[in-house]
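Chain residues, written in single-letter form:
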Amino acid sequence: MIEIKDLHKSYHMGSNSLHVLKGINFSVKEGELVAIMGSSGSGKSTLLNILGMLDNLDEGEYLLDGVPIKNLSETKAANYRNKFLGFIFQSFNLINYKTAWENVALPLYYQGVNRKVRKEKAVKYLESVGLGPWVDHLPSELSGGQKQRVAIARALAAEPKVMLADEPTGALDSKTSHEVMDLIQKINDQGNTILVVTHEEDIAHMCKRIVHLKDGVIVEDSVINQVRVSPHVQ
Amino acid sequence: MGIFDRDLWSEVFSTLSKNMLRTFLTTLGVIFAIIILILLLGATNGMSNGFNKIFAGTATNSMFMWTQSTSIPYKGFERGREIDFTLEDVELIKRQVSEVDIISPRIQLGDFGETSTVYREGRSSGSGVYGDYPSIDLVSKKRIVEGRFINQNDIDEAKKICVIGKDTYKLLFDKGENAIGKSIQINGIYFTVVGIFKKNDNINFEGENAVFVPFTTFQKAFNSGNKIGWMAILVDPGKQVSVAERKIKTLLKQKYNIHPDDVRAIGSFDFSEIFQGISAFTFVLQGFSFFVGIFTLLAGVIAVSNILLITVKERTNEIGVRRALGATPKIIKRQIILESIVLTTFAGLVGFVISVAVLHFLDYKFGGSDEFPFVNPTVSIVQIIFSFVLMVGLSMLIGLIPANRAVKIRPIEALREE
Numbered sequence: 001m002i003e004i005k006d007l008h009k010s011y012h013m014g015s016n017s018l019h020v021l022k023g024i025n026f027s028v029k030e031g032e033l034v035a036i037m038g039s040s041g042s043g044k045s046t047l048l049n050i051l052g053m054l055d056n057l058d059e060g061e062y063l064l065d066g067v068p069i070k071n072l073s074e075t076k077a078a079n080y081r082n083k084f085l086g087f088i089f090q091s092f093n094l095i096n097y098k099t100a101w102e103n104v105a106l107p108l109y110y111q112g113v114n115r116k117v118r119k120e121k122a123v124k125y126l127e128s129v130g131l132g133p134w135v136d137h138l139p140s141e142l143s144g145g146q147k148q149r150v151a152i153a154r155a156l157a158a159e160p161k162v163m164l165a166d167e168p169t170g171a172l173d174s175k176t177s178h179e180v181m182d183l184i185q186k187i188n189d190q191g192n193t194i195l196v197v198t199h200e201e202d203i204a205h206m207c208k209r210i211v212h213l214k215d216g217v218i219v220e221d222s223v224i225n226q227v228r229v230s231p232h233v234q
Numbered sequence: 001m002g003i004f005d006r007d008l009w010s011e012v013f014s015t016l017s018k019n020m021l022r023t024f025l026t027t028l029g030v031i032f033a034i035i036i037l038i039l040l041l042g043a044t045n046g047m048s049n050g051f052n053k054i055f056a057g058t059a060t061n062s063m064f065m066w067t068q069s070t071s072i073p074y075k076g077f078e079r080g081r082e083i084d085f086t087l088e089d090v091e092l093i094k095r096q097v098s099e100v101d102i103i104s105p106r107i108q109l110g111d112f113g114e115t116s117t118v119y120r121e122g123r124s125s126g127s128g129v130y131g132d133y134p135s136i137d138l139v140s141k142k143r144i145v146e147g148r149f150i151n152q153n154d155i156d157e158a159k160k161i162c163v164i165g166k167d168t169y170k171l172l173f174d175k176g177e178n179a180i181g182k183s184i185q186i187n188g189i190y191f192t193v194v195g196i197f198k199k200n201d202n203i204n205f206e207g208e209n210a211v212f213v214p215f216t217t218f219q220k221a222f223n224s225g226n227k228i229g230w231m232a233i234l235v236d237p238g239k240q241v242s243v244a245e246r247k248i249k250t251l252l253k254q255k256y257n258i259h260p261d262d263v264r265a266i267g268s269f270d271f272s273e274i275f276q277g278i279s280a281f282t283f284v285l286q287g288f289s290f291f292v293g294i295f296t297l298l299a300g301v302i303a304v305s306n307i308l309l310i311t312v313k314e315r316t317n318e319i320g321v322r323r324a325l326g327a328t329p330k331i332i333k334r335q336i337i338l339e340s341i342v343l344t345t346f347a348g349l350v351g352f353v354i355s356v357a358v359l360h361f362l363d364y365k366f367g368g369s370d371e372f373p374f375v376n377p378t379v380s381i382v383q384i385i386f387s388f389v390l391m392v393g394l395s396m397l398i399g400l401i402p403a404n405r406a407v408k409i410r411p412i413e414a415l416r417e418e
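Heads up: the sequence lines are chains X and A, in that order. FYI, the numbering for the first sequence is 1 to 234, going by the working numbering. FYI, the numbering for the second sequence is 1 to 418, going by the working numbering.
Quick caveat, the hints were computed from the structure, so don't treat them as lab data. Possibly wrong hints are sitting among the right ones.
As the list claims (entries may be wrong) - With a cut-off of at most 30 Å between alpha-carbon atoms, the simulated DSSO-like pairs for lysine-lysine come out as follows:
#1 A/Lys220 <-> A/Lys159
#2 X/Lys175 <-> X/Lys124
#3 A/Lys333 <-> X/Lys76
#4 A/Lys330 <-> X/Lys116
#5 A/Lys175 <-> A/Lys227
#6 X/Lys70 <-> A/Lys408
#7 A/Lys408 <-> X/Lys161
#8 X/Lys119 <-> X/Lys70
#9 X/Lys98 <-> A/Lys313
#10 A/Lys166 <-> X/Lys83
#11 A/Lys333 <-> X/Lys119
#12 A/Lys408 <-> X/Lys22
#13 A/Lys198 <-> X/Lys116
#14 X/Lys98 <-> A/Lys166
#15 A/Lys330 <-> X/Lys98
#16 A/Lys408 <-> X/Lys83
In this text the structure is predicted, and so the values were computed from the model without any measurement.
Using the sequences and the hints, build the whole thing.
Structural data, given as structure tokens:
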């Protein structure tokens with residue numbers, strides 16, 4: 001699903017240049033649940049931004065479902081993001097004056113889906129994350145866990161090839177974190193490919209594979225025994 | 001996702017209604033600008049209409065011509081010689097000056113501006129008494145409230161009839177008394193009243209205290225012979241009054257042996273000049289109104305753009321999310337520009353309603369008064385359409401500034417911002 005070869009990325013600030021990613025080789029197959037770990041400054045966010053087409057790569061190759069991602073125009077990047085990717089952010093990033101279902105329907109709006117179908121789909125996905133009764137609520141009326149579930153529903157709504165989660169539990173307490181991870185595991189069970197950036201060990205171990213980044217290179221990439229959340233939650 | 005897409009508009013309106021107070025304050029500038037623009041235009045139009053009303057009934061391509069005394073000695077004649085125009089001059093002008101459409105010679109009892117005493121059954125009035133042809137009505141329209149004006153038959157038969165002004169009627173008759181068919185006496189001669197006229201809200205020489213008798217009757221009754229006092233001359237439409245004026249003066253100067261450079265001997269008053277002056281004045285005023293209005297509007301629209309810039313800054317995160325979810329730069333741009341247009345158009349409509357109400361009030365309060373040239377201060381459809389197109393056009397152009405700012409926001413930076 002994702003093929004990355006010899007990926008380099010550096011940032012230039014005045015005369016200084018900061019080499020953040022120093023040759024990443026990495027691939028993800030369909031249906032994987034991968035945790036990307038690393039301390040701050042390890043380059044994990046940069047990697048996620050490049051995977052999310054929010055940032056351009058300097059050198060190397062990035063294939064997403066066989067499509068080369070390089071030097072995209074803003075419009076093309078927007079279209080690819082809309083078609084291929086679902087984002088889950090640490091701070092949820094819901095639009096605060098839109099109701100839960102309108103937030104979920106937003107990617108569909110940009111796909112040009114008509115309003116009626118949008119609402120149907122949005123409600124369906126909100127129900128699938130257990131927020132059926134909250135479809136008409138504003139984000140301000142929801143708890144943190146609920147907000148993140150709206151965000152997950154929004155990521156699902158576009159039916160993306162890959163879901164990218166940037167510290168999805170970073171703003172949540174441990175109980176809610178586990179609920180969110182439970183949901184992510186269940187979505188993965190249905191065959192969705194998910195990448196989770198985290199710095200929390202326990203969250204990482206709820207994935208199926210952990211990639212460790214340090215100073216811009218992958219230092220460890222191993223398949224692990226997944227810790228299922230469900231027993232803990234119940 | 002066309003321009004008439006309901007979702008596009010609901011996106012725009014939900015953003016704008018999110019902060020009603022700010023939206024309203026933003027629009028104030030444009031509201032005031034439109035009010036100023038429309039009020040200025042309306043007031044100018046009202047003034048122009050007011051002037052038109054003054055000129056209504058006065059043929060604007062007309063002039064008056066009269067004699068004065070010479071100021072330059074010529075061909076053995078001393079300066080200060082008095083000349084009188086005669087009916088032959090009228091015929092001469094008609095024959096020789098092609099520009100002239102109608103000449104209506106006039107004569108007054110006594111000197112110009114003097115009044116004569118008019119009697120009726122022990123009452124009297126000091127009124128101007130004029131000998132006129134019916135064609136004078138074509139140059140300076142009389143409003144007949146009762147009876148009729150002098151006609152050709154009166155001229156042909158030199159009938160002893162007269163048309164009197166309202167003030168003269170008041171002085172000579174009881175209130176409500178029927179004057180038609182009654183006689184009045186001037187210099188011992190009796191004239192039958194056939195009509196009463198009223199001032200025409202316009203430039204008026206005789207006022208309402210005047211008596212018009214047929215020219216031919218005047219000649220016989222007051223023994224004025226061929227002499228005429230002055231003439232009202234109507235020039236062919238499309239021909240220049242000043243040209244006709246020059247030709248006539250040259251002609252008459254030759255005939256009366258007046259020095260060609262003598263400007264005082266023959267006096268004249270060109271209406272078209274005054275009218276053109278006033279037209280130019282209102283035109284300039286209108287241009288000025290537009291100028292002021294447009295720049296006020298520009299200031300208002302820039303205020304909208306400014307607020308939208310702030311809004312874009314505040315919505316950095318939201319715009320980033322939208323971009324991450326697949327909004328193309330074009331979509332973001334279109335939304336911001338639409339917000340600018342919607343804000344301005346809304347403000348414009350409010351401004352239009354307010355200014356039209358104010359114009360109505362002004363019309364109600366001052367419109368139609370005789371002292372002040374201010375009639376029907378409205379704006380034309382063309383002016384409204386022009387202002388609206390201008391407003392929307394400006395808001396679209398100015399909306400590009402915040403729109404481009406919004407597009408420049410990179411999604412990753414926007415998402416990083418909390």
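For each hint, the structure was consulted:
1. Proximity of A/Lys220 to A/Lys159 is assessed by CA-CA distance (about 10 Å); at most 30 Å being required, the pair is judged to hold.
2. Straight-line distance between C-alpha atoms of X/Lys175 and X/Lys124 comes to about 25 Å, which keeps the hinted pair within the 30 Å bound.
3. Restraint check: the Cα-Cα separation between A/Lys333 and X/Lys76 comes to about 16 Å, which is no more than 30 Å; the hinted pair holds.
4. This hinted pair checks out: A/Lys330 and X/Lys116 have alpha carbons roughly 24 Å apart, not beyond 30 Å.
5. Distance check on the hinted pair: A/Lys175 and A/Lys227 sit about 37 Å apart at the alpha-carbon level, beyond 30 Å; violated.
6. At roughly 20 Å between alpha-carbon atoms, X/Lys70 and A/Lys408 fall within 30 Å of each other, so this suggested pair holds.
7. Simply put, A/Lys408 and X/Lys161 have alpha-carbon atoms about 28 Å apart, close enough for the 30 Å limit, and the pair holds.
8. Of the supplied pair hints, the one linking X/Lys119 and X/Lys70 is violated, its CA atoms being roughly 34 Å apart against a limit of 30 Å.
9. A distance of roughly 19 Å separates the Cα atoms of X/Lys98 and A/Lys313; the hinted pair therefore holds under the 30 Å criterion.
10. With a CA separation close to 88 Å, the supplied pair A/Lys166 and X/Lys83 exceeds the 30 Å bound.
11. Straight-line distance between C-alpha atoms of A/Lys333 and X/Lys119 comes to about 25 Å, which keeps the hinted pair within the 30 Å bound.
12. Taking the CA atoms of A/Lys408 and X/Lys22, the gap is near 28 Å; set against the 30 Å cutoff, the hint holds.
13. Taken as a hint, the A/Lys198 and X/Lys116 pair is broken in the structure, with Cα atoms around 73 Å apart against an allowance of 30 Å.
14. As the CA atoms of X/Lys98 and A/Lys166 are separated by approximately 75 Å, the hinted pair breaks the 30 Å bound.
15. With a C-alpha separation of about 21 Å, the suggested pairing of A/Lys330 with X/Lys98 holds against the 30 Å cut-off.
16. Note on A/Lys408 and X/Lys83: the hinted pairing holds, with a Cα-Cα distance of about 22 Å set against a maximum of 30 Å.
The structure is inconsistent with the numbered hints 5, 8, 10, 13 and 14, although it conforms to all the rest.
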